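Novice: Now for the letters of each chain:
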Amino acid sequence: MTNSIAVALAVARKDLTAEWRTRELVPALAQFVVLALVIANFGFQIDSRNASSIAPGVLWLALVFAGLVAFGRAFAAEREQASLEAMLMTPASPVAIFAGKALAATLLLVLCEAVLLPALALFFGTTISPAVVLAVLLATIGMAALGCLFAAMVARVRARELLLPLLTLPLWIPFIIAGGQAVQVAMGASGNYDQAVALLIDFDILFVVLTSLAARFVLDE
Amino acid sequence: MNKYEKAAAAAVALMLLAAGAIFLYAPTDALQHEVQRIFYLHVSSAIAAYGCFTVVLLGSAIYLRNGSLAADRLARAGALVGLVFTTVTLVMGMLWAKPIWNTFWAWDARLTSTLVLWIIYAGYLLVRRLAEPGRQAARFAAVVGIFGFVDVPVVHFSVTWWRTQHPGPVIVRDALPPEMLATFLFTMACTVVLAAVMIAIRYRIETLADGAVTEVPERTAAAAPREPEPSR
Numbered sequence: 477m478t479n480s481i482a483v484a485l486a487v488a489r490k491d492l493t494a495e496w497r498t499r500e501l502v503p504a505l506a507q508f509v510v511l512a513l514v515i516a517n518f519g520f521q522i523d524s525r526n527a528s529s530i531a532p533g534v535l536w537l538a539l540v541f542a543g544l545v546a547f548g549r550a551f552a553a554e555r556e557q558a559s560l561e562a563m564l565m566t567p568a569s570p571v572a573i574f575a576g577k578a579l580a581a582t583l584l585l586v587l588c589e590a591v592l593l594p595a596l597a598l599f600f601g602t603t604i605s606p607a608v609v610l611a612v613l614l615a616t617i618g619m620a621a622l623g624c625l626f627a628a629m630v631a632r633v634r635a636r637e638l639l640l641p642l643l644t645l646p647l648w649i650p651f652i653i654a655g656g657q658a659v660q661v662a663m664g665a666s667g668n669y670d671q672a673v674a675l676l677i678d679f680d681i682l683f684v685v686l687t688s689l690a691a692r693f694v695l696d697e
Numbered sequence: 478m479n480k481y482e483k484a485a486a487a488a489v490a491l492m493l494l495a496a497g498a499i500f501l502y503a504p505t506d507a508l509q510h511e512v513q514r515i516f517y518l519h520v521s522s523a524i525a526a527y528g529c530f531t532v533v534l535l536g537s538a539i540y541l542r543n544g545s546l547a548a549d550r551l552a553r554a555g556a557l558v559g560l561v562f563t564t565v566t567l568v569m570g571m572l573w574a575k576p577i578w579n580t581f582w583a584w585d586a587r588l589t590s591t592l593v594l595w596i597i598y599a600g601y602l603l604v605r606r607l608a609e610p611g612r613q614a615a616r617f618a619a620v621v622g623i624f625g626f627v628d629v630p631v632v633h634f635s636v637t638w639w640r641t642q643h644p645g646p647v648i649v650r651d652a653l654p655p656e657m658l659a660t661f662l663f664t665m666a667c668t669v670v671l672a673a674v675m676i677a678i679r680y681r682i683e684t685l686a687d688g689a690v691t692e693v694p695e696r697t698a699a700a701a702p703r704e705p706e707p708s709r
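The listed protein sequences derive, respectively, from chains A and B.
Numbering of the first sequence is given in my numbering, commencing with residue 477 and proceeding in unit increments.
Numbering of the second sequence is given in my numbering, commencing with residue 478 and proceeding in unit increments.
Since the hints were derived computationally from the structure, they do not count as laboratory data.
This list has only true hints and no planted wrong ones.
Covered stretches of chain B, as calculated for chain A (at least 3 residues, CB under 8 Å):
hint, stretch
1, 601–610
2, 625–631
Label pairs and their computed distance ranges (CB to CB):
hint, chain 1, residue 1, chain 2, residue 2, range
3, B, 685, A, 634, 24 to 34 Å
4, B, 580, A, 545, 28 to 38 Å
5, B, 627, A, 494, 29 to 39 Å
In this text the structure is predicted, and so the values were computed from the model without any measurement.
Yeah, the Cβ is synthetic: ideal placement off N, Cα and C, and Gly gets one too.
For reference, chain A alone in the conformation it holds in the complex (with noise of 0.2 Å):
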């Protein structure tokens, strides 16, 4: 168990070295998310009295695809230098690895929000709030076990760009619902926040159990 915990580590140690080494991803995905915000001020028409109607729902939009991206790319480097195959040559168990690279791909999605969730509130007028940043954790967690086990299994599969936001999206839904209502809640609008954190705290947990038990057969040759 402790070695499990060890090579999970070490592997998001290294895809984390990776990602600092060449600062691809979270520059890229900084100005998705911020772009995102631009367009979607043109596509709604933002002033003043909606923008925090509309805030929400933006939020969602970028995340989700943001998500989408950062997924997607986490097992790039392994499928182009073919060092997946290398990896699970090795002792340690797949669900470890898995466990490493999700963790990995999920701090990077963190520090993704770590923008967005500030660009929001400078350009639609939101207070970001505690009870906000946790909602967007929490559904972090969930969203990035899904993500990550569809993109290890859209890694070896051709059209991976078209599967892996038609396999994850719907699997993401249960996320969207309870976060947009705890962030809705958070920004204003009249909800039981502590239902909706409750709900996702328990599909957290569903999920990444559900995820653990299935990475073995996503990522065993």
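Using the hints, position chain B against chain A.
Specialist: Relative to the frame of chain A, chain B by itself:
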């Protein structure tokens, strides 16, 4: 006629009987008039679709457990037939909703979860098509089949604390007059038989496509693909 053609003919005859019961035997609803007759096939095909997706879940789980190719083919057949019945459910529901709710679509818990169901299993069939044929496609699709089945109650549950306007379960609440209940139960039985026959035919097609059957009688091999094949 081989046994598949006979089974298909029997299923079609049963569906015609059900249509007769729906239009001639069942009484007209006092409030919704003729539109209410959509209910019988709408709910029946929803139940048939859930049955098909249960077949996908079982087939996928068995495949992941012991790699049985037959289980995988069964899952494939179930996904395709289930998708057809989900489409029927959605389209008939929308036709009913337009006169009754004055809109084709509402973001209600059942409508949303049924649409997500449709999208997930359409994705399942796409994985089968895009992944390398063989073990890899089967394993990936099995994972999608299992996650999809889990996701649907989750979506349903998470939307129920939104407003819901879909009619509640009239059958369990014993709210139907006996003639309507009899018509519904008969239609449901016929639809489930139709789904089972379609899965059997599709299973046969998948078997032939896999080339798993080495000695195929000439006539069967030629006849099987001519069965009413649901569009992908």
